[in-house]
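In terms of mature numbering (1 follows the signal peptide of the UniProt record, and there is no 0), the sequence shown is residues -25 to -1, 1 to 755.
Please note that the accuracy of each hint is not assured.
[Stated by the list, open to error] Below are the DMTMM-like pairs computed for lysine to aspartate or glutamate, each with C-alpha atoms no more than 20 Å apart in a straight line:
(1) Lys214 to Asp33
(2) Lys635 to Glu431
(3) Lys733 to Glu714
(4) Lys617 to Asp415
(5) Lys413 to Asp426
(6) Lys451 to Asp482
[As the list claims (entries may be wrong)] Computed spacing ranges between beta-carbons, pair by pair:
(7) Glu409 to Ile543: 38 to 46 Å
(8) Glu477 to Gly633: 46 to 54 Å
(9) Glu409 to Thr478: 46 to 54 Å
(10) Pro661 to Ser447: 43 to 51 Å
(11) Val65 to Gly633: 49 to 57 Å
(12) Lys148 to Gly411: 56 to 64 Å
(13) Glu416 to Asp729: 31 to 39 Å
No lab work stands behind these hints: they were computed from the structure. We put the CB at the ideal spot given by N, CA and C, even for glycine.
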Amino acid sequence: MEKKKVAVFLLSSSLVLSMANNAYAATILKYGMRSPEVKKLQENLNRLGYFVTSTPTDYFGPATLNALIKFQKDSNLVPDGIYGPSTEKVLLEKLNAFSGKNVSSPPQTSNTSNSSATQTVAQATFSRTLRYGMQGEDVKFLQSILNKLGFDVGTPDGIFGFKTQNAVVQFQKANGLVADGIVGPATQKVLLQKVNAPSPSRGDEKREEVQTTLPSSSNGSGKGISNGDGNAIFNKVLKYGMIGEEVKLLQQYLNKLGFDAGAPDGIFGGKTRQAVINFQKSANLEADGIVGPMTWQALISRLNVTLPSRGDVNRDNPQNQKEDQIQFPTPFTRELKVGLQGDDVKLLQGMLSELKYYDGDVTGTYDDVTSNAVRSFQQYYSLNPTGIADVGTLKKLLEVDAQVKAVKGFYVQGKGGYGHGVGMTQFGAKGMAEQGFKYDEIIKYYYTGVDISKVETSNVNVKVKISLDVTSQDIKITSNQPYNVIYKVKDDSTGQIIEKQETFLPDSVTSINYLDGNILIANSQSPEIRTSVDMVRIVPTNDGVLFYVNKARPYEGEFRIYPNPNSIPSGLDLINVLPIEKYLRGVVPAEMSPSWPEEALKAQILAARTYALVRIKDENIFDVYDTTLSQVYKGISIADPKIDQLIESTKGEVVTYGGKLADTVYSASAGGYTVDSSFAWKKDVPYLKGKPDPYDTSKYATYWWNVSISRSQIEKAYPQIGAVLNIEITKKMFDRPVEIKITGTKGIITVGNDDFRKAIEDAAGQKLFASEYFDIVIQN
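Sequences and hints are given; from them, build the entire structure.
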């Protein structure tokens, strides 16, 4: 036997080496083609762990396409699913390397011999991490080991389903590993150690080797499924219009699994074809209505039966089998229907409830509500909607339930969170300046196609709305110099509005209040109450500075106070009016640290100056806010000599596009990638285009915030999907998610970034996302 195994290995190795040394074939293979070359491709993909089928054929179908795309992705090739020269070259190189390692990965199907190739665990290693939903000979190898160690997965079939996952979890728990059901390096290492360890109960007897026997391949004669003794029972593929006992057997199997094929009459008609299509959809097969080897294999796997030999077709009639001869999926032992009671019905109701199909009480009685829930489940998963929990329905329920239980929640990692991401970033400007870029180069990088121009700003004033002290109902103003208070009164005799002016002493405090549409004025050194019917101006003399006493903050220029009943709590608006170049003294140090490089500070000055100039309108009561609603302004309390000098040296310099002032919006950080204005505000501006921001090395350009989202929060936000199975970002712009697909047990929806964040935060009842810039991964 050992000589035979060596011969098989040497023969398959020599074939691979021979292929790798030949010139790459000119044949291009793609979906839908039939060719002997397709069969060779399937064999090679199987060998490398990209399982296609245990019986390779000459047809390039969905299974071949999916396996090839996975190989291309793993090999950094264009994942187009087309087998051309580039893909062939890499595939043969990997086969060559694979053979040179004396087949150190779990064995794969070989068609060079009808003998069964085997391999011991002592020689074997795993070549990839295995998890739920994967297929291949390495999965079959894993299943053999688990069975050997007493963790039952049933007959090794190379499909990592819920039973294999449960066995892995039990093994991990028994060996102190993280019980996540994923077979990674740590689990693989312990598996191989355990299976190769001497058995204490067998003394000095030779250890039994765990072997993975490879299925013998088709010899190309077209003979389909074998009953285990090498005699094929079906010598043809079944399709619409055919008649015979094989068709009758097919109909019986479909009916038993809940796919209504009608009375088994041996005639492959329209109803049988539709039943086959529904089954193929449920098994993730190509839904063509043709029963070939893969469809037979899936049918048999679902039923857990062995196909009879051809001579036994008539007497081995599934329709006549007793229910206890059908192998129900553990822990179920019978078909469940209306009128039945028991713990198994209670379990069924609990599962349906978790999958969001059943909202009744878990009573253990199979009533009409339970039947309707089962029927809804069957309809969604393309099963025969009978309302009876048959073998096929129970297996699908357990499969979906395991998928739901595998999802603990979702982990969100985010960048940005410090601004809108449009235009210049301040941390990016700093990084560029540190790398030697000049301020005009910084400006022109972040604002596409702009110029630096110069305008006269000596007589230009900006009107800034000052944030009020919300704890006080009055506004208190003073000055270090005498100051004038100018207000308006109504002449009782003429009805005309007359402007009055009074001068108050330095350090005297003037209190302003709102009452019934009027402004009341009182000064600490004068007991008289003045009433103004309109706006009040407070203007310093002798280049004095005004103080907003409520916030202990000094300001250049003058104050204008307007009545505004909507302003809470004072009913007043406080506006600071001053020359724009003086305004910059209170903006630039608030927006950027004076310790930063001068070129970055100059870029900030130009952006802040141009931003304000764009917004100045004579008819406005105010032009800008003193907060991040516009740009931060703190008066002259933060003025800095270095920045004052830079403001003076760049006086009048502005950013223009096409000869007009540009709207130079900016933010602290865009997370490493700025965005178009149309992305942020649905308005396209030609010079506000998104681009990479590699110069931003702040923490905001990395994944600096994270949050966990629970299943219950997602299901509350989107109840129409049922129990959540997955969330994935399906489309990005500027490295930010714009389309997010949510998959559940009852539906799939795609939502936008803003909608997703709002819905989840509403469900959670709190702020969760620091920005719109994030990735999502599943938590098992």
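Status of the hints after comparison with the structure:
{"no.": "1", "hint": "Lys214 to Asp33", "verdict": "holds (19 Å)"}
{"no.": "2", "hint": "Lys635 to Glu431", "verdict": "holds (14 Å)"}
{"no.": "3", "hint": "Lys733 to Glu714", "verdict": "holds (14 Å)"}
{"no.": "4", "hint": "Lys617 to Asp415", "verdict": "holds (19 Å)"}
{"no.": "5", "hint": "Lys413 to Asp426", "verdict": "holds (14 Å)"}
{"no.": "6", "hint": "Lys451 to Asp482", "verdict": "holds (11 Å)"}
{"no.": "7", "hint": "Glu409 to Ile543: 38 to 46 Å", "verdict": "holds (44 Å)"}
{"no.": "8", "hint": "Glu477 to Gly633: 46 to 54 Å", "verdict": "holds (50 Å)"}
{"no.": "9", "hint": "Glu409 to Thr478: 46 to 54 Å", "verdict": "holds (51 Å)"}
{"no.": "10", "hint": "Pro661 to Ser447: 43 to 51 Å", "verdict": "holds (46 Å)"}
{"no.": "11", "hint": "Val65 to Gly633: 49 to 57 Å", "verdict": "holds (50 Å)"}
{"no.": "12", "hint": "Lys148 to Gly411: 56 to 64 Å", "verdict": "holds (58 Å)"}
{"no.": "13", "hint": "Glu416 to Asp729: 31 to 39 Å", "verdict": "holds (34 Å)"}
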